[in-house]
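**Student:** Those protein sequences? They're chains A and B, same order as listed.
What the first sequence shows, in this note's numbering, is residues 202 to 401, in sequence order.
What the second sequence shows, in this note's numbering, is residues 12 to 316, in sequence order.
Misleading hints may appear alongside valid ones.
[As the list claims (entries may be wrong)] Restraint-style ranges between C-beta atoms, simulated for each label pair:
#1 B:T148 <-> A:A278: 38 to 46 angstroms
#2 A:D261 <-> B:D172: 44 to 52 angstroms
#3 A:I343 <-> B:V296: 43 to 51 angstroms
#4 B:P228 <-> A:R308: 23 to 31 angstroms
#5 B:T287 <-> A:P339: 38 to 46 angstroms
#6 A:T330 <-> B:A224: 21 to 29 angstroms
#7 B:V161 <-> A:I343: 53 to 61 angstroms
#8 B:V296 <-> A:A278: 37 to 45 angstroms
#9 B:K218 <-> A:S378: 43 to 51 angstroms
#10 A:G331 <-> B:K218: 48 to 56 angstroms
#11 A:R341 <-> B:P241: 44 to 52 angstroms
#12 A:R341 <-> B:A290: 41 to 49 angstroms
[Stated by the list, open to error] So the derived list for chain B, only partly shown, Cβ under 7 angstroms to chain A, looks like this:
#13 H34
#14 A126
#15 L142
#16 G278
#17 G280
#18 V284
To be clear, the hints were calculated from the coordinates, so they are not data collected in a lab.
A virtual CB, placed ideally from N, CA and C, is assigned to each residue, including glycine.
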Amino acid sequence: MAEINWLPAGENAVLLEVSALATAHQVWAALRQADLPGVLDVVIGARTVLVVAEPGFDVDSVREVAARAGPGPDIAARTVEIPVTYEGADLADVATRTGLSTVDIVRMHSAVEYVVAFLGFAPGFAYLTGLDRALQLPRRDIPRTRVPAGSVAVAGEYAAVYPSPSPGGWHLLGRTSVRLFDPDEGALLGPGDRVRFVPQ
Amino acid sequence: MMEVVRPGALTTVQDAGRFGLAHLGVASAGPADWLGHALANRLAGNPETTAALEITLHGPTLRCHDAAALAVVGAPATVDGAPVRDAFAVRRGQTVQIGQCVGARAYLAVAGGFAAEMVLGSMSTDTMGGLGPAPLTAGHTLLADPCLGVPRRLDPAALPDRGGVVRVVPGPRADWFTAASRRAFYAKPYTALPDSDRTGVRLTGAKLVRSRAGELPTEGMVTGAIQVPPSGDPIVLLAGHGPTGGYPVIGVVIRADLPVLGQLLPGQGVRFVPVTVEAARAAYVDLRAAMGRAILRQALHPRFS
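The shape of chain B in the complex, shown without the other chains (with noise of 0.2 angstroms):
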């Protein structure tokens, strides 16, 4: 059990999301940053899929009321002060402190999951929704299974750095746009305003103009879709988006490449790059690969050998 000393700008629980309700309304939820969270939980021993804590700009401090096994991507860490990072043990009594975030989001994870109450088949909070449990506050307790935890250190060198190139499939509603400004949101930049959350990074750069008149009938949204409402501005939806909208999309950013957007402070800028879904595939089976080769096990600690 830990208990929230400190809670963070915006800590919320995270397992990959809550699937199959779409058609009823129900938002995925699950990480902004799916690689973040995946490697935190690799890094704690984990099945990706399972919960763990998602940070916003910077971290809470816990109390550890058992010992532990942690595991953090994404913020520096101290425990009763003394840095640690990647995977690491907590004694019981230990205090955990979480700084500010290196990107927008960091992720802690902790070795057999934290348990929060499912809710549809997922523990992911939907901040829009309102479902799933409630962002930590102070005073809040936090359920782990304790479990024993293997040294395991993260490589970051192995995997990609995109440089703020992001690829994005074309469509399915870029033919509602005129030529010139799909030309125009390929070749500039876009940078990050403050209003963006969960649910979408907010761009502003080269405004977008509609070669049609008349509103699009509401359609299904993915997670990655470019919207472009009426002003011209693109928002990238992220994980904590509805499942519908009615903004023609002019494209969606491919999946190796979203947590280039889950990871955007405000006033950072990305580039757009179109690719095809043929190239998006290959993009996220080499992103897996360098994955795998980022998580280094390291050799027993000799007090356990």
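Bound-form chain A, shown alone (with noise of 0.2 angstroms):
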């Protein structure tokens, strides 16, 4: 059983933390599973799981879910392929920063299995964990004010690719061609699947 941190998030919410991303995802997916009623929304974080329900909700129904939530195969992860051009604007800085030769970098970002750790920022936008420590810089100094779809990042622990036209003050590695969020389809990637880029 995890061990859980329950703290108030107003009279409609209750914010969930736990010691590690692993406990979190369990937690998450035991909570989306039960698809308890008055439940609106349930949203992962780094350390944290927040339960959004109506107005009037029992909060109690959470604590029973939550308590059973354990390693266990919740969450269907799967694994998604993304073909990526590195050709970054970033590229050449972030060789210079970490020392690294360009040919380093792709292959250091290429080679890891990375893991969605949660979604924010814009829809459809993922953190990955797994990135290699060698390329985790602190974020640009001066943010861009337009970071094109599809661009392939770096910043802190977390890799990611931009879904949508946005600012952004990530280090732009590459760019990819998969689209990421389409407002019919919804988001490619969910907490907990699993990312791989290609070369190409």
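Two chains, two separate frames, one set of hints: put the complex together.
**Tutor:** Put into structure tokens, the structure is as follows:
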């Protein structure tokens, strides 16, 4: 049974804090699967699961489900391959900052199987964990006012693909033609999914 | 069908919101002032979740190509220059003009509801994520299901006047702030800043100082969350906010008082008071009861009797 810290988030939501992302995934998956009546959204964070409910919702049902959460095949994790053309605007800059060659950067970025930690920032924007430590850099000092859709980028401990054009401070390594978000279909990636970047 | 002659400052379509997809980065959107939105719909005889127009600061001018029954809350309105209020009827060819909002926002509902393309289960405009119908522009056509209205009046005296006092359930991250800052937050007034929008009301007042170093790992955010960035100036998240954030939340505005934030104009002040979850729930039940009393169904017009 997962150790959970219960924090109030207003009268219609509760924030469940755990010690590790893997536990958050288990609790999130159990709550998604339980599909409790009155629950509007179950939002996963880096160490938390936020349960947002309609007014009058009884939070005790969340306690029961969360207490039962554990390792298991709850998350229907898929593995998604994303083809990347490594010609990003910041590739040379990342080489300078890390002391790596661009060939090494491409190799290291595409060698890992990433896990979707959580989504946020924009529809379909997935924060991917597993980034090689050597590629972990703080965000750019001056964010770009417009990063094109399909930009493959890194910042801090995360890798990501921009689903839509937006402002952004991440380092751009390449781009993909894969659509990460579609207003009709929804998001390509969900929490717990695995991602591989395939150099083109 | 209605044609947009002038769009107003920022006019969007909002239904109850886009729920169930926050874990995919999709914001809920929905009305910034749920109470004004619900009252406009109830005046028009609609379920509260029906798509209506959210008007910011000053309203649009619409030419009606069909007869319709409309309702407005939060701004003066005219039909072909003659003042109307609450629920009113328009004939084919008439022009409806919505004026300056009393607060920050007003709502215009049409009996039967505005019809926009459904995107991921909602007609709401998500101004940040770019989902749903685009904000109104001149020449834009609004589709509405023509439907008969029932004359209704709004009795504002039946609704509570919060007098700028907003109730807050402390947490989830109140322990990130010094005891002195937590006291100051509930003791001193805050003033709304001009760069507030549908994503949040930016406030200035007593700066809130953190009691710990480091950054908060990204976590889910509720509407009404009072986020505190490193500047120490709080931001109250409104319905247009993104589903996750990285700043600690000192407290969450209760649902019954969220409309106060949705209507706050730059330069206006609020004062926060802490309440329990139980008190917050009771306040919502009380407000629902007041809403029931505030909608007056009028005797039918002699012409219809």
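**Student:** Decide, hint by hint, whether the structure agrees.
**Tutor:** Going through the hints against the structure:
{"no.": "1", "hint": "B:T148 <-> A:A278: 38 to 46 angstroms", "in the structure": "43 angstroms, holds"}
{"no.": "2", "hint": "A:D261 <-> B:D172: 44 to 52 angstroms", "in the structure": "35 angstroms, violated"}
{"no.": "3", "hint": "A:I343 <-> B:V296: 43 to 51 angstroms", "in the structure": "50 angstroms, holds"}
{"no.": "4", "hint": "B:P228 <-> A:R308: 23 to 31 angstroms", "in the structure": "29 angstroms, holds"}
{"no.": "5", "hint": "B:T287 <-> A:P339: 38 to 46 angstroms", "in the structure": "41 angstroms, holds"}
{"no.": "6", "hint": "A:T330 <-> B:A224: 21 to 29 angstroms", "in the structure": "23 angstroms, holds"}
{"no.": "7", "hint": "B:V161 <-> A:I343: 53 to 61 angstroms", "in the structure": "57 angstroms, holds"}
{"no.": "8", "hint": "B:V296 <-> A:A278: 37 to 45 angstroms", "in the structure": "42 angstroms, holds"}
{"no.": "9", "hint": "B:K218 <-> A:S378: 43 to 51 angstroms", "in the structure": "46 angstroms, holds"}
{"no.": "10", "hint": "A:G331 <-> B:K218: 48 to 56 angstroms", "in the structure": "38 angstroms, violated"}
{"no.": "11", "hint": "A:R341 <-> B:P241: 44 to 52 angstroms", "in the structure": "18 angstroms, violated"}
{"no.": "12", "hint": "A:R341 <-> B:A290: 41 to 49 angstroms", "in the structure": "45 angstroms, holds"}
{"no.": "13", "hint": "H34", "in the structure": "5 angstroms, holds"}
{"no.": "14", "hint": "A126", "in the structure": "17 angstroms, violated"}
{"no.": "15", "hint": "L142", "in the structure": "6 angstroms, holds"}
{"no.": "16", "hint": "G278", "in the structure": "27 angstroms, violated"}
{"no.": "17", "hint": "G280", "in the structure": "22 angstroms, violated"}
{"no.": "18", "hint": "V284", "in the structure": "14 angstroms, violated"}
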